[in-house]
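Protein chains in written order, with full-length UniProt numbering: chain A, 1 to 504; chain B, 1 to 504.
A hint or two may mislead.
Within a straight-line C-alpha distance of at most 25 Å, the following computed DMTMM-like cross-link-like pairs (lysine to aspartate or glutamate) qualify [unchecked claim]:
no., chain 1, residue 1, chain 2, residue 2
1, A, 28, B, 343
2, B, 28, A, 227
3, B, 349, A, 58
4, A, 28, B, 310
5, B, 67, A, 139
6, B, 86, A, 159
7, B, 59, A, 139
8, B, 28, A, 159
9, A, 127, B, 483
What the hints contain is simulated information worked out from the structure, not anything from laboratory work. Quantities reported herein were computed from a predicted structural model and do not represent experimental measurements.
2 protein chains.
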Amino acid sequence: MQSSRGGVNSIRSVFNLSARRMASANGKVMTMGSLNPQVKTMEYAVRGPIVIRAVELEKELAHGVPKPFKSVIKANIGDAHAMGQKPITFIRQVLGAVANPALLSSPDLPSDVKNRVETILGGCGGKSAGAYSQSTGVDVIRKHVAEFIQRRDGGAAVDPENVILSGGASESIRNVMKLFINRTGGRKVGFMVPIPQYPLYSATIEEFGLGQVGYFLNEENKWGLDESELERSYNESLKEFDTKVIVIINPGNPTGQVLPRENIEMIIKFAKKHNLFIMADEVYQDNVYAEGSQFHSFKKVLMSMGDPYDKMELASFHSVSKGYMGECGLRGGYVEFANLDPEVFVMFKKMISAKLCSTVLGQAVIDTVVNGPKEGEPSYGQWKKEKDAVLASLKERAVLVEQAYGSIEGITCNPVQGAMYAFPQIHLPEKAIKAAKALNQEPDFFYAMKLLESTGVCIVPGSGFCQKPGTYHFRTTILPQPELMRDMLTRFKSFHEKFISEYK
Amino acid sequence: MQSSRGGVNSIRSVFNLSARRMASANGKVMTMGSLNPQVKTMEYAVRGPIVIRAVELEKELAHGVPKPFKSVIKANIGDAHAMGQKPITFIRQVLGAVANPALLSSPDLPSDVKNRVETILGGCGGKSAGAYSQSTGVDVIRKHVAEFIQRRDGGAAVDPENVILSGGASESIRNVMKLFINRTGGRKVGFMVPIPQYPLYSATIEEFGLGQVGYFLNEENKWGLDESELERSYNESLKEFDTKVIVIINPGNPTGQVLPRENIEMIIKFAKKHNLFIMADEVYQDNVYAEGSQFHSFKKVLMSMGDPYDKMELASFHSVSKGYMGECGLRGGYVEFANLDPEVFVMFKKMISAKLCSTVLGQAVIDTVVNGPKEGEPSYGQWKKEKDAVLASLKERAVLVEQAYGSIEGITCNPVQGAMYAFPQIHLPEKAIKAAKALNQEPDFFYAMKLLESTGVCIVPGSGFCQKPGTYHFRTTILPQPELMRDMLTRFKSFHEKFISEYK
Chain A
1 MQSSRGGVNS IRSVFNLSAR RMASANGKVM TMGSLNPQVK TMEYAVRGPI VIRAVELEKE
61 LAHGVPKPFK SVIKANIGDA HAMGQKPITF IRQVLGAVAN PALLSSPDLP SDVKNRVETI
121 LGGCGGKSAG AYSQSTGVDV IRKHVAEFIQ RRDGGAAVDP ENVILSGGAS ESIRNVMKLF
181 INRTGGRKVG FMVPIPQYPL YSATIEEFGL GQVGYFLNEE NKWGLDESEL ERSYNESLKE
241 FDTKVIVIIN PGNPTGQVLP RENIEMIIKF AKKHNLFIMA DEVYQDNVYA EGSQFHSFKK
301 VLMSMGDPYD KMELASFHSV SKGYMGECGL RGGYVEFANL DPEVFVMFKK MISAKLCSTV
361 LGQAVIDTVV NGPKEGEPSY GQWKKEKDAV LASLKERAVL VEQAYGSIEG ITCNPVQGAM
421 YAFPQIHLPE KAIKAAKALN QEPDFFYAMK LLESTGVCIV PGSGFCQKPG TYHFRTTILP
481 QPELMRDMLT RFKSFHEKFI SEYK
Chain B
1 MQSSRGGVNS IRSVFNLSAR RMASANGKVM TMGSLNPQVK TMEYAVRGPI VIRAVELEKE
61 LAHGVPKPFK SVIKANIGDA HAMGQKPITF IRQVLGAVAN PALLSSPDLP SDVKNRVETI
121 LGGCGGKSAG AYSQSTGVDV IRKHVAEFIQ RRDGGAAVDP ENVILSGGAS ESIRNVMKLF
181 INRTGGRKVG FMVPIPQYPL YSATIEEFGL GQVGYFLNEE NKWGLDESEL ERSYNESLKE
241 FDTKVIVIIN PGNPTGQVLP RENIEMIIKF AKKHNLFIMA DEVYQDNVYA EGSQFHSFKK
301 VLMSMGDPYD KMELASFHSV SKGYMGECGL RGGYVEFANL DPEVFVMFKK MISAKLCSTV
361 LGQAVIDTVV NGPKEGEPSY GQWKKEKDAV LASLKERAVL VEQAYGSIEG ITCNPVQGAM
421 YAFPQIHLPE KAIKAAKALN QEPDFFYAMK LLESTGVCIV PGSGFCQKPG TYHFRTTILP
481 QPELMRDMLT RFKSFHEKFI SEYK
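Just chain A, same shape as in the assembly:
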């Protein structure tokens, strides 16, 4: 395919997996020779070798091993709390009392918090979060999600039956992708994914034996999405795959672009023309910073376009891990289906039933997000203040990152319109590229590992997200708190200048 999948070599070299070892028998049942081949080839760069090394470095520092830096700064993953963001009080008050209902008798708990807790527990078996929920999730929370979507989109009533709760959006995304697996031979089902993309998609496509069909985002036009590129990508893919699905990430990860409404309409028309199932990854819907940018949900645009578009199949995803919440570790997310074949829906529910249910506490967090305090309720003031402060600070850091990287020679950086990342391009000298290839590493992997070893700054090489051949990038989050962010940018700039002068 047209995408660059360079990370495999990098991983091989780090883990030192040679053909010799893979063939070794060593008397074991499960060896590299008998292992699921897709597990061998799949990659997930956001937690790949650079990050594994960063964790080691942290441990070494803690044990007093001298390093040219005092701390590791992890800008590799969209993990807000790990970078010092404080949880929203309302969310944690509800969660604490759902976990320990004895707290409901506390006079310190605001009445709207108690009310939410009682409603959630009322939907749980035996009024306990320790009971399994239905595999689809707690009904009253699904209803609140449906009401939230309706409010957000200003549209018609949403059927709670179309909402399935899950342990983060990732689980729902993987579940939907699983529907398209076919082991009976024949051509693989092709998934159109943006390049660069979030590696959950490439990893899962590989693991499930599906086909990756990359369409390039236009770096020269702020990572925008061109119809001609969609057509090229789709048409080329048909040589190899039975392409049935288009994945859109909006706001973009790792690219941070926010799609204008016309762009979404174009994509929907394109999907209709080629009979594609749309997967809309909208987990950053609260993270829009750029002036003039606005989030439009695929569901809303699709429905407003009328027949035949409002009959199209769509799965859209949301999560409690991003936005102003940043509650990654609590694992709450959902998929909303539109126009899924009813018989397929029955099979989907049967499929997820073998996994029992997602964490009920994660589901409770979803409730706090889709059913937050309303004006006039006792928690509203503090909730609003905390939420606004987080989003304002993220906006500031989005600008700071763009400006900082943009001002470094040999680096270009698009505006961070939304989400939590910048994806700057590094213009690497030929000598550096040669040095990397000599080590059987992707050049941006080589660069990122050197950055980590000499400064403690942990970013993810662009090759982990796929990128246009011959271009090199990295993804950095905008999550370090302002002071740490300045520290990181200083370390980065000094490393970059040294690196360029060494390899020019």
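Starting from the known structure of chain A, arrange chain B on it as the hints suggest.
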């Protein structure tokens, strides 16, 4: 294979999936025709059509639809809290404060609870359960699990690196099974599973395209496990599969047997002889009721057998969903590996990294289980009392269920030595079997659906767990609280007598 897989027909008839419908195109991308074939054929009877109907009946009752019963009694699933079991105070106090650390300043929180909360949060990024953990789980909790295993088994130190936390044991079980998938053609990897078995295994084997190799438990000998049957099953399987794994469920689900130590030694020797990877599902390790029965972990027995057995590959699983905790909805579990190939282990960790991490709050619950209050700590007394009361009550109900079913004509029931289930055999009249087949249903499905519709009692037909051809069973939990249990047994007995007289 030798197992009876009757449930498919039952599911087809309930969902009314005919070939006609499966071929329908209906203009959609994802149809029954294009759906992942394994999703169509997999089954998970514990949440299958009978249970779906039970949920409908509950809703109908709530809306005032007249029924021949006043309530639905769900004895289909091991969901203790849903059946009225109260959570352990210590667990919920820790969990509440991990979720909402503001509670740490409360004078009502015992010092040992605070201490646990601070330790857990100290292992979390930004001291927040909202940060992602490593994919393997929070390090300090893994360490506590390793210490727990060492205490339990009285053996050598356990390496925390071999412990991987997950969202319930199910997730770990599926992850280990995933290692054995091979889509490159050739023979399927065979998994030896007990018949009857817990349908997570049959469902996952089907979903992953693996091979199910059933070995029959000996109903005439209290669901014991015979070496000759293992040999027969293994040898026959080789005609079709490359059999590499043996799954043991101890204490047994759905059969409730507890394996004596000699039996475990026999299984380990058998596995060694045929070079099998052992998966030991030990989630009911705290649920042992019968006089003279005792839980022995596979890890302990394997290690104590010395060379070459102590070099064998073993994955053993535990969970917070069962035992005295019953915290199913919180999703905490783990796998401990022994002797896994180090390179395969690296690949395993890479594979789970794409799923980010399991719920940190579920991980915190694991901590409360493996690191409960110790004698002398302030929470110890109440914790001990609550734990003992739950286990004593389960033991009473285990006896009650066995005696009650055993006293009904046409039903035989083995002792419930452990776990949370009885798996009685129903001796169905020929006329009932014919009536069922005329409806294209398994006879025990037919029986269970009639039981549900006429009494509101929800059990799972034995065909969902596989059973010896020509025998019919059902699984019932022992979880209804004593009064409800008596109600259930009364409803059951009266239905059964009517059914038998109708069809004799």
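Evaluated hints:
Restraint check: the Cα-Cα separation between residue 28/A and residue 343/B comes to about 12 Å, which is no more than 25 Å; the hinted pair holds. Distance hint between residue 28/B and residue 227/A is fulfilled; the C-alpha atoms sit about 23 Å from each other, no more than 25 Å. Proximity of residue 349/B to residue 58/A is assessed by CA-CA distance (about 19 Å); at most 25 Å being required, the pair is judged to hold. This hinted pair checks out: residue 28/A and residue 310/B have alpha carbons roughly 12 Å apart, not beyond 25 Å.
For the hint pairing residue 67/B with residue 139/A, the CA-to-CA distance comes to about 23 Å; that is within 25 Å, so the pair holds. With a C-alpha separation of about 34 Å, the suggested pair residue 86/B and residue 159/A falls outside the 25 Å cut-off, and the hint is violated. Pair hint residue 59/B plus residue 139/A holds up; C-alpha atoms about 12 Å apart against a cutoff of 25 Å. Taken as a hint, the residue 28/B and residue 159/A pair is honoured in the structure, with Cα atoms around 20 Å apart against an allowance of 25 Å.
The suggested pairing of residue 127/A with residue 483/B holds, with an alpha-carbon distance near 19 Å, which does not exceed 25 Å.
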